[in-house]
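Trainee: Sequence:
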Amino acid sequence: MLYIFFYIALPYITHQGKMVQVPDLTGMPLEALDGALSKYDLRYIITDNSSYAAELPPFTVLQQFPAAGGWVKPKRKIYLTLNAENPPLVSMPHLIEGSIRQAQLLLKNKGLKLGNIKYVPDITKYAVLEQWHDHHPIPAGKSIHKGSTIDLVVGAGLGEQIIEVPDVRAMALEEAHVTLLEQGMRIGVVHHLKKRDAPIGSVIQQNPMPATKVPLGTSINLWIVQP
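Residue 39 in numbering that gives the first Met the number 0 is what sits at position 40 of the sequence shown, and the numbering runs on without skipping anything.
No lab work stands behind these hints: they were computed from the structure.
Fair warning: there could be bad hints in the mix.
Calculated pairs, EDC-like style, for lysine to aspartate or glutamate (alpha carbon to alpha carbon, straight line, at most 20 Å) [stated by the list, open to error]:
hint, residue 1, residue 2
1, K112, E173
2, K117, E181
3, K107, D133
For each label pair, taking beta carbons as the anchor points, the in silico distance ranges come out as [unchecked claim]:
hint, residue 1, residue 2, range
4, T123, K194, 32 to 42 Å
5, G114, M18, 16 to 26 Å
6, S90, S50, 12 to 22 Å
7, S90, M18, 25 to 35 Å
8, S37, I95, 50 to 60 Å
9, G114, N85, 13 to 23 Å
10, K38, N108, 12 to 22 Å
11, D121, K212, 17 to 27 Å
12, D33, I95, 32 to 42 Å
13, Q101, R42, 19 to 29 Å
14, H191, S90, 32 to 42 Å
15, A171, Q101, 16 to 26 Å
We put the CB at the ideal spot given by N, CA and C, even for glycine.
Model the full structure from these sequences, guided by the hints.
Mentor: Below is the structure:
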């Protein structure tokens, strides 16, 4: 029965001009929409242009309804959500005295990015001491554009700054990144390898190896599984 519908009835309906298939408009710029939809005899209505995706240019399609691949009548209106011209403002979270992991989570929830981390001698080891944006301290509660990068000053403890490399093998890359930052290290070169018996995106090798003694701020090279 399904075969009859998809291979006989549906093409017949389409060829009669009664139904057209909705094209995929996501990621398409506003100026290209008329040309893309005219050949399907479809129209569009912009329902929202306040959403924001940092990785896409302004006024590109983020969402559509009906979804791509569906069948509709000619002259049907496709409702679109466009990327905003400017990123919306969010409130800067309070990161002081928290851990790096907490800071990353709070920044992520606000749509902000974790930037550089500077370690300084301080009795509070691995706690956030200062939060900066664009080379200036930024207080909690201040409005800031979504997608902005926040740099941190973090306590490194007192005394000799020699630390032990943690074992980040079998971790996802993001988890490994945070773990290294918490221990006063950073990610170095990331290599990609194919490996069938390990989860995609997981760390399978690191250098220096776990338990190696290194100076504070050492870069750790990682090998992760690629698709």
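Trainee: Hints first: check each against the structure and report whether it holds.
Mentor: Do the hints match the structure? See the list:
1. For a cut-off of 20 Å, the pair hint linking K112 to E173 stands: about 13 Å separates their Cα positions.
2. With a CA separation close to 12 Å, the supplied pair K117 and E181 stays within the 20 Å bound.
3. Our distance criterion of 20 Å between C-alpha atoms is met by K107 and D133, whose separation comes to about 18 Å.
4. Take T123 and K194: their Cβ atoms lie about 40 Å apart, and the range 32 to 42 Å holds.
5. Taking the beta carbon of each, G114 and M18 are about 51 Å apart, not inside 16 to 26 Å as hinted.
6. Against the hinted window of 12 to 22 Å, the Cβ-Cβ separation of S90 and S50 comes to about 18 Å, which satisfies the hint.
7. About 48 Å separates the C-beta atoms of S90 and M18, a value inconsistent with the hinted range of 25 to 35 Å.
8. Distance hint for S37 and I95: a CB-CB separation of about 55 Å, consistent with the stated range 50 to 60 Å.
9. Between G114 and N85 the Cβ separation comes to about 21 Å, which falls inside the hinted range of 13 to 23 Å.
10. Separated by about 42 Å at the C-beta atoms, K38 and N108 break the suggested range of 12 to 22 Å.
11. D121 and K212 have their C-beta atoms about 21 Å apart, which keeps the hinted 17 to 27 Å range intact.
12. The beta-carbon spacing between D33 and I95, approximately 51 Å, falls outside the hinted interval of 32 to 42 Å.
13. One distance hint, 19 to 29 Å for the beta-carbon pair Q101 and R42, is violated here, with the actual separation near 48 Å.
14. At about 37 Å, the CB distance of H191 to S90 agrees with the hint of 32 to 42 Å.
15. Checked against the hint of 16 to 26 Å, the pair A171 and Q101 passes, with Cβ atoms roughly 18 Å apart.
Violated hints, in rising order: 5, 7, 10, 12, 13; the structure is consistent with all others.
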